[in-house]
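Peer 1: Got two chains here, each in a separate frame; can you build the complex from them with the hints?
Protein chains in written order, with our numbering: chain V, 1 to 536; chain F, 1 to 550.
Since the hints were derived computationally from the structure, they do not count as laboratory data. Be aware that one or more of the hints could be misleading.
Unchecked claim - Negatives, chain F to chain V, calculated, CB over 10 Å:
id	residue
1	Thr190
2	Ile371
3	Thr440
4	Ser443
As the list claims (entries may be wrong) - Estimated spans, in silico, between C-beta atoms of each pair:
id	chain 1	residue 1	chain 2	residue 2	range
5	F	Ala59	V	Pro192	38 to 48 Å
6	V	Pro127	F	Gly101	48 to 58 Å
7	V	Pro127	F	Pro302	47 to 57 Å
8	V	Pro127	F	Ser257	54 to 64 Å
9	V	Tyr83	F	Gln103	52 to 62 Å
Here the structure is a predicted model, which means the values were calculated and not measured. The beta-carbon is built from N, C-alpha and C at its ideal position, and this holds for glycine as well.
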Amino acid sequence: MNHMNENTKSVPAGLVCAPMVAALALLFTGTAQAAVPGITGTGTAGTFNLVATQGHITQPDGASIYSWGYGCAAGSSPSFVPYSTGAFCPAMQVPAPTLVVTENVPFTVTLTNKLPAAVGNTSLLFPGLTLVSVSGGVPGLLTQEAAPGGAVTYTLLATTPGTHDYLSGTQTDLQVEMGLYGAVVVRPATRPAACSAIGNDVAQRLGAGNPGVDYRLAPSAYDHAATCYDREYLTQWMELDPAIHRAAEAQIQAIASCSATPASPCPTVLDVNTGSYHPAYFLINGRSMPDNMDASYAPNYPNQPYNANPHMHPGDQVLVRIVGQGHWQHPFHEHGNHVRILARDGNLILSQTDAAKLGGRMEFNTDTTPGQAEDGIFYWSGKGLGWDIYGHTPGNAGNPACIPDANGYYTTASGASASSPNYYEWCADHNHPLETNPVGSVASGGPATLFDPLVATNGLWYNGTPYLGPQAVTRSRGPTPLPPAGALQNPPAESGIAFMWHSHNEREITTNDVFPGGMLMMMLVDPPVWYIDETL
Amino acid sequence: MLSSQLLCRGFAALILVLFTLPAGAQSFMVQCPSTTPLHPAAISNSNLAVPLTEAAEPAYQGPMVTNATVGGVALTYTLNGGAVKCQEISGGDGYMTEADGNQTFMFAFGPLSGTDLIQHGQPGTLFAADFNNYYNSPTLPSVCGPAAPASCASAGAAGITGTNITDPTYNPARATSVNGAITDPATIMTVGVMNGNIPAPLFAFDEDDEFFLTLSNVGMIMRPDLFETHTVHFHGYPNASSFYDGVPDASWAINISASATYYYLAPDAGTYFWHCHITPPEHLQMGMVGQLYVRPRQNRVPAGTSLYTASTTWYQQDLRTACLDSGNSNGTITPDILCSTPQPAINTGFTHAAGYKYAYDDGDGSTRYDIDVPVQIHGFDPNFHFVGMTFNPEGFADMKDKYFLLNGRSYPDTVTPGAIGTEDSDGRTRFSQPLPTLITLDSHGGPGGTGQRALLRIADLDVTEYQTLASLGIPMKLVGFNAKLLRDQAGNNLYVTTNSITLGGGESLDVILDSTGIAPGTYFLYTPNLDHLSNDAENFGGLMTEVVVK
Numbered sequence: 001m002n003h004m005n006e007n008t009k010s011v012p013a014g015l016v017c018a019p020m021v022a023a024l025a026l027l028f029t030g031t032a033q034a035a036v037p038g039i040t041g042t043g044t045a046g047t048f049n050l051v052a053t054q055g056h057i058t059q060p061d062g063a064s065i066y067s068w069g070y071g072c073a074a075g076s077s078p079s080f081v082p083y084s085t086g087a088f089c090p091a092m093q094v095p096a097p098t099l100v101v102t103e104n105v106p107f108t109v110t111l112t113n114k115l116p117a118a119v120g121n122t123s124l125l126f127p128g129l130t131l132v133s134v135s136g137g138v139p140g141l142l143t144q145e146a147a148p149g150g151a152v153t154y155t156l157l158a159t160t161p162g163t164h165d166y167l168s169g170t171q172t173d174l175q176v177e178m179g180l181y182g183a184v185v186v187r188p189a190t191r192p193a194a195c196s197a198i199g200n201d202v203a204q205r206l207g208a209g210n211p212g213v214d215y216r217l218a219p220s221a222y223d224h225a226a227t228c229y230d231r232e233y234l235t236q237w238m239e240l241d242p243a244i245h246r247a248a249e250a251q252i253q254a255i256a257s258c259s260a261t262p263a264s265p266c267p268t269v270l271d272v273n274t275g276s277y278h279p280a281y282f283l284i285n286g287r288s289m290p291d292n293m294d295a296s297y298a299p300n301y302p303n304q305p306y307n308a309n310p311h312m313h314p315g316d317q318v319l320v321r322i323v324g325q326g327h328w329q330h331p332f333h334e335h336g337n338h339v340r341i342l343a344r345d346g347n348l349i350l351s352q353t354d355a356a357k358l359g360g361r362m363e364f365n366t367d368t369t370p371g372q373a374e375d376g377i378f379y380w381s382g383k384g385l386g387w388d389i390y391g392h393t394p395g396n397a398g399n400p401a402c403i404p405d406a407n408g409y410y411t412t413a414s415g416a417s418a419s420s421p422n423y424y425e426w427c428a429d430h431n432h433p434l435e436t437n438p439v440g441s442v443a444s445g446g447p448a449t450l451f452d453p454l455v456a457t458n459g460l461w462y463n464g465t466p467y468l469g470p471q472a473v474t475r476s477r478g479p480t481p482l483p484p485a486g487a488l489q490n491p492p493a494e495s496g497i498a499f500m501w502h503s504h505n506e507r508e509i510t511t512n513d514v515f516p517g518g519m520l521m522m523m524l525v526d527p528p529v530w531y532i533d534e535t536l
Numbered sequence: 001m002l003s004s005q006l007l008c009r010g011f012a013a014l015i016l017v018l019f020t021l022p023a024g025a026q027s028f029m030v031q032c033p034s035t036t037p038l039h040p041a042a043i044s045n046s047n048l049a050v051p052l053t054e055a056a057e058p059a060y061q062g063p064m065v066t067n068a069t070v071g072g073v074a075l076t077y078t079l080n081g082g083a084v085k086c087q088e089i090s091g092g093d094g095y096m097t098e099a100d101g102n103q104t105f106m107f108a109f110g111p112l113s114g115t116d117l118i119q120h121g122q123p124g125t126l127f128a129a130d131f132n133n134y135y136n137s138p139t140l141p142s143v144c145g146p147a148a149p150a151s152c153a154s155a156g157a158a159g160i161t162g163t164n165i166t167d168p169t170y171n172p173a174r175a176t177s178v179n180g181a182i183t184d185p186a187t188i189m190t191v192g193v194m195n196g197n198i199p200a201p202l203f204a205f206d207e208d209d210e211f212f213l214t215l216s217n218v219g220m221i222m223r224p225d226l227f228e229t230h231t232v233h234f235h236g237y238p239n240a241s242s243f244y245d246g247v248p249d250a251s252w253a254i255n256i257s258a259s260a261t262y263y264y265l266a267p268d269a270g271t272y273f274w275h276c277h278i279t280p281p282e283h284l285q286m287g288m289v290g291q292l293y294v295r296p297r298q299n300r301v302p303a304g305t306s307l308y309t310a311s312t313t314w315y316q317q318d319l320r321t322a323c324l325d326s327g328n329s330n331g332t333i334t335p336d337i338l339c340s341t342p343q344p345a346i347n348t349g350f351t352h353a354a355g356y357k358y359a360y361d362d363g364d365g366s367t368r369y370d371i372d373v374p375v376q377i378h379g380f381d382p383n384f385h386f387v388g389m390t391f392n393p394e395g396f397a398d399m400k401d402k403y404f405l406l407n408g409r410s411y412p413d414t415v416t417p418g419a420i421g422t423e424d425s426d427g428r429t430r431f432s433q434p435l436p437t438l439i440t441l442d443s444h445g446g447p448g449g450t451g452q453r454a455l456l457r458i459a460d461l462d463v464t465e466y467q468t469l470a471s472l473g474i475p476m477k478l479v480g481f482n483a484k485l486l487r488d489q490a491g492n493n494l495y496v497t498t499n500s501i502t503l504g505g506g507e508s509l510d511v512i513l514d515s516t517g518i519a520p521g522t523y524f525l526y527t528p529n530l531d532h533l534s535n536d537a538e539n540f541g542g543l544m545t546e547v548v549v550k
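Isolated chain F, as found in the complex (with noise of 0.2 Å):
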């Protein structure tokens, strides 16, 4: 009986052991590794103060195996260049402002690291010398404080408005890094609450990167009576994995005061998107909704480098991007139905120039762009949010969205610079809505005089209904569809000229914006779904921006 008793106590233990032993001592768990099996060459930066940009990443110059011997064991990996990029997010609540002045109430996600570039219109995504150069300044992000736009730090009640909070962990010692991840649990709970953003953190990074996103679920203050889980569903990946689909049922979610790590290789470039994919029409109509786009190999081949060379002799012999329907050394390929991107039918002998960037990797230099405006269309409905911030149970099949919204904002918002500030329950001020989408064309500041080419990544969340987009006076270009390429097996571009373009929710295109010959001045994006072009009782705003050509 006893050795029974012990036997049993002792699988018991066994059993613990096995299952705590990935497990860290807290539930905060922020990760971000230098190197990993597939980058075992840390990427450094010599000036921190900086972060760097993709321009740090190693050059594609196609497919090369390499040999690694990871936990003991010969393999081989195949590298195509990129490197570790890592963010972290927090999963909570938060407030915004509608165009016409309402305060909404909202469940989002916040940044917790890349927090000065977030709440400056800028990818969050960092490398993992940026990311591990952990958060210090003598005040923690996200509330607005002497440095932050105007806008951010309007006036508010008891005269603590844009107060900051005192960082307890900053080290004098250090360097300022107002990028860096936050890690220290409760930092993470002090900065997390209440922060939450939307568009939700802007992630940006390259094909054949590794991405580790860390998800920390601080719990909603305003909706005590929740338990509620979060997750990320990175949608629209090709080949996804079912662990890291965010999709609750299919996989796991993170609960309240715990972190998880999502990890990816990422996928082929394209306009992609993420958002929460628990109880989605709630956590999406509540805005856990944000971008994510992924950069072509083609940005970093060496300048000078033929395009059409670079597919075809790179980028189609790597088998995982691979289009051919030809032979190669193993025997007769039977074309992949679902690959990325066909070399392209015509060489057009376009050649890479430094500081050139494309939307995919096209071999023909046809996606060419200056400018990265990511867009979101999104639509709040206030009597969801207001219930959704009292106890009361929501309806769904009455959901009505009277906010349209481009990058969390309706018009004339859209085109206010900076961040917007929204008051919160404590009375501190904390930046929310951090992405105008006034874009700025120079017709004469493209490469040799052309136009400047605004790429306009436009994404759709809504959750109720379908919305059109139109151009006044610019045409749109249609490059992408649901990240991929618009160019058949056989390589001709399917490219569409248009003045429109309609989604539903979940869906995302690409479109180009060529300034050349365009007379300067002030030209619309708007929605001729003419009841979205209004704030709830407003008969004006709603889905609309500007586009300045100079």
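With the rest of the complex left out, here is chain V (with noise of 0.2 Å):
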């Protein structure tokens, strides 16, 4: 990767190269999916039992930090949505366990307070939906507290569908920048007409035969027939400063080891500094660049169970909850097209003069506030490109057929089988050549004349070609082992796409100071061919 090559001007090279070491390591460990992992409550009314304890998160440096977080109270059984296997909850998370819940039906949230002694009370708040009640805890300024050792259950209604955060309540800057903050996903209480019981993509990945299934937590994203979505990923941005860590964790042991004397008694809570804020990592779901891209659920993450890396065919239509966490905005930039921005903290926006219309921006940046959610829907087809994204040609054996449906795309509305290796594919193109030379065996004619592959450096997310998927890489320049060699995290049965999806403020795409890391994903543009298992 040639990003790596830079950062033996930024750094020291003996400083550089363990933790470069370990996140090449990382790199290779496969690609990996996932929807939006998360966990609903027990019983019909859905009841989470939460508890907050210390723990350590890790980061691509090597930096092992001490955090506190929520996680799922010893012997509570939380059911895992929308997969199971490998699925876990562990006492401390970061971010917290994403609590799946459905609109209009009340649930409860216990959070039992085994933070250590010197952190005092904690809570949670839950902003945009409705309180019903509290029980059990101690008063606190913004709502009902667990004392240490204690609880406090709170009872929640949504009364609309959609992204929220949650978050301690308690001494708020410094326990939600220590890890105490999570994620809240309300499904919709009925599915539109419009919206299929199960995703396009599925429906196509079972018609070819290979095991779908359906990764949604729901057909729509709201009860509305212009929120259908196929596919969905939840990202949390958020910002961690080492030194508070340091000195949170100090003084806790400080506090525990104190043996007071009349002349100098022991401190009981903790005094740290949060004024100077000043951080180092740039989290999206708890991990830094590349750790975010291995899979959620991965054993070496205990506690950060959730990833960021998404993937999608052409043309799914992808939901994208997008939640601020921590102090600063984030102009998340989203490579490849827009996104149509569905609502706000919960709240769809429809036009002003046509409830059945949208009213929602369309944004190649959605910002990310501290405290707000925003859901979205993104896709790529390809569309006008201007030439053929497979690099079909005419004159070659099997080359498919491509019969636009109204919208222009090849679909099973136009006759396409639902296994066609060119599904969804944007019709207009079809055929077009882009390149001027001729090449493996896609015809010459095109407008573009390529560079010398000799004088260009190539990306491990880099198929080799200007195409889509293993057939076309085949029909071009073949799979060639082009260097970096044996690219995994796109490998030759893939042939993917690839888009970054990352924090705009560019100095938040590092890892304390190390380039490339932090607030980064790659985000793939997979083949009809390549089945997307969200398990991984």
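Peer 2: Here it is as structure tokens:
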């Protein structure tokens, strides 16, 4: 990865080498995707038993950072959604377990405070949800709190679908920084008739004889026909100042080991300076790049179970749930296309004159704001490129048809088989060559002369061609082991095309001064022939 | 054994042949075809001394299906007008001068075509006929010469400042061409080294154009320890190609002493921008950031055309841009949730007149304006730039901008006319800050004696923090956001009248300043992030410029 090469000038080689090796090792652990993993409560009403404890999270530079987190209380048995294979919910995780609930169905959350006594009380806030009742606990400024060793139970109701954050309501500047935050996903009460019970993409995979599984939490984001989706991802954006974590840990240890004398009594509460905030880590779902592209529930992150590694097929309507945590805004730039904003904090934005139409903006940068959640729809289809993304050539044996449906795409509506390798191709560009010169069995006559491959540097996610999918790669240059050989992030059988999704306050795509890292993930558009297994 | 060796060698040779076929004989390779399958008719320029403008674009009269034989195969293309446009840039380094006089090192892009236009604050994008009218002048561009603005030819050390470099390829038999592409490899190096500009060369073209952008990596002469590749990321392009997206992890990056050409069919109209995507926190902070806008089809409809009719019968009938949700000949359409511009809810009866310009294909004339004003917001951390000029590692977590730039300048340089030059390590002064941000509006100079309207095409490329720009005295009308018209799916305009806008890094928006009814005088655009009204230690300046209403 040529980015990696840059490090040699940014940081003394001795400092960077070990984390680089570690990062590279992680990079090569294989591809992984995940939908929006979370838990539903036990019982029909949905009861969540959370506990707040201390622990450590890890970062790709090798740092182990003392943190506090919410996890599942011992003995509680949450149900994992959308899949349970390999899923776990430890006693402490960052971010907290994603709570998956349903619109207009009350649920309860019991929080037990097992943080060190010096931390004092802790509590939960659910912005945007209705607090129906509270039991137990002790009074606090913003809400009822759990004293050390104690518990508090909140009964809540979500009156609209959508995405929200939840977080500590006690000494929030310190407790949230330390890791006490998470997300709530509220599923709509009803499925709009226009939204298929099973995602389009899943239906397509089932048709292909693959073990298609529906990884969506619901067929639509809202009770509205314009919010159907095929795939979904949740990202929580948070910075981390390691000095605050070190100070908290040191003070807790000092308090625990303090032996008081009459002349110098022991401190009993923390006094951590959060005023000189200077973050050095920039996290998506609690992890920095490249860790965030390892699988959800990967065993090497026992306290950071959630990844951020979006994959999609052409034309998939992809629901992105974006949650701002922490102190700062982050301009989240989605390469590849815009995002249509559906809603903010669970409030669907519709046209003022026609409630059947959406009113939210289209953005290529979706700002994440602390305490705010946005839902949006993204897709990538290659519409309007002007050339055939599959490198089709009429003269080739087996060149597939591309019959446009009403929208111009090749789909079941225009007679495509569910297993068509060019499902959802933009037909107006079918067979149109890109390259001036013939390459492999891709015909000549296109507008562009490509560069000499000997004078370019290739990336880890590059499939070696301008085209999408293993058949197209074979047709053009062949599945050539271009350097770097064996780019396992996008192996020949996959041959997807990659786009970077990242914070465009670019210094945040670093990990404690080392580039690359931080708030960065690679989104892959995979060819229809590549099955996107979200349990990996 | 012999035969297997032969076979092996033959195979290797075959692979070599396969992979070297598309490459030219040299690593610098500039391309700009006069015609393509989509645009089979070349557009010529009868007076090469004056580059063609968008007025030479063919009229837009809706989508037209054409048949073409490409590579011996019969294919069908949908043509919406447009033309072949080209531009060439260098990727390397250079110096600029901050408003407090601090000479600052940059990693930067510079112009290798349209050089005279760029030097005069214009877009450097050319029709193929002008691009291929290769550069021909007794002296090379970029270095400040006798014809340069006064501020560019300031005196310097050793008595050689302002001395031009003779062009060894000059052909007196050919007419002078000061904007054509520089294609000779030695000349690319001679001009490209220390050629960096802030902002990087301005790209501007029309919807439906094919844009060929050649990037030649000339290396960074001040940092010979680096082997930096560079790329171009077309930020915000809808349905972008990964191959031409400029992300080195996802595709490729061009090495030193070589060229690559990016190819895009122009996307939907709007204000985009571009930047290098190698080690973004470093290369963006160091200055590799430029502006880009795409003019709408609506500029090209014949005079007298109803814009509403153009939207409903042409624009919405092209599947690429359609936002329809009713049936067409193929069946029931699903509305594209990311379609470009819905037709307006109301027919305002607006009729196009020759010379009218619009920000978007609005169908109602509501984004008509008179003057394009590209505005790039950026920030430089002098410590990071100094460390970047030396051979030391740069820190990212401690990055703190101290200069706040509008088009690569802080106030009062933002209102200095003409290009600003900086003396380089060879004693020559090269223009590196070509773009003032002085906005002049005639309050009776618009159609029918109305006030002129300026379209501020604002992009923020700061890599550290959010910035706000406010207008003192003239309301801002926000009409576009992230290269999309602000309009809901039902066709209602969602414009916002405000006095300030806020952007994070990597964001763009469109603001119209209308001088109608504004009293003559000088008004200000400034940042209410008050600590950004400074030039490092000077408690004055920063992110501010003037709007002069006459």
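Peer 1: Each hint: holds or not?
Peer 2: Structure-based check of each hint:
1. Thr190: 20 Å, holds
2. Ile371: 26 Å, holds
3. Thr440: For Thr440(F), whose nearest Cβ neighbour in chain V is about 31 Å away, the distance exceeds 10 Å, so it holds.
4. Ser443: Its Cβ never comes within 10 Å of chain V, the nearest being 32 Å, so this holds.
5. Ala59(F) <-> Pro192(V): 38 to 48 Å: 43 Å, holds
6. Pro127(V) <-> Gly101(F): 48 to 58 Å: The hinted range 48 to 58 Å holds for Pro127(V) and Gly101(F), with Cβ atoms some 49 Å apart.
7. Pro127(V) <-> Pro302(F): 47 to 57 Å: The hint (47 to 57 Å, Cβ to Cβ) holds, given that Pro127(V) and Pro302(F) are roughly 54 Å apart.
8. Pro127(V) <-> Ser257(F): 54 to 64 Å: Since the Cβ atoms of Pro127(V) and Ser257(F) sit about 55 Å apart, the hinted range of 54 to 64 Å holds.
9. Tyr83(V) <-> Gln103(F): 52 to 62 Å: Cβ of Tyr83(V) to Cβ of Gln103(F): about 59 Å, so the range 52 to 62 Å holds.
Checked against the numbered hints given earlier, this structure breaks none of them.
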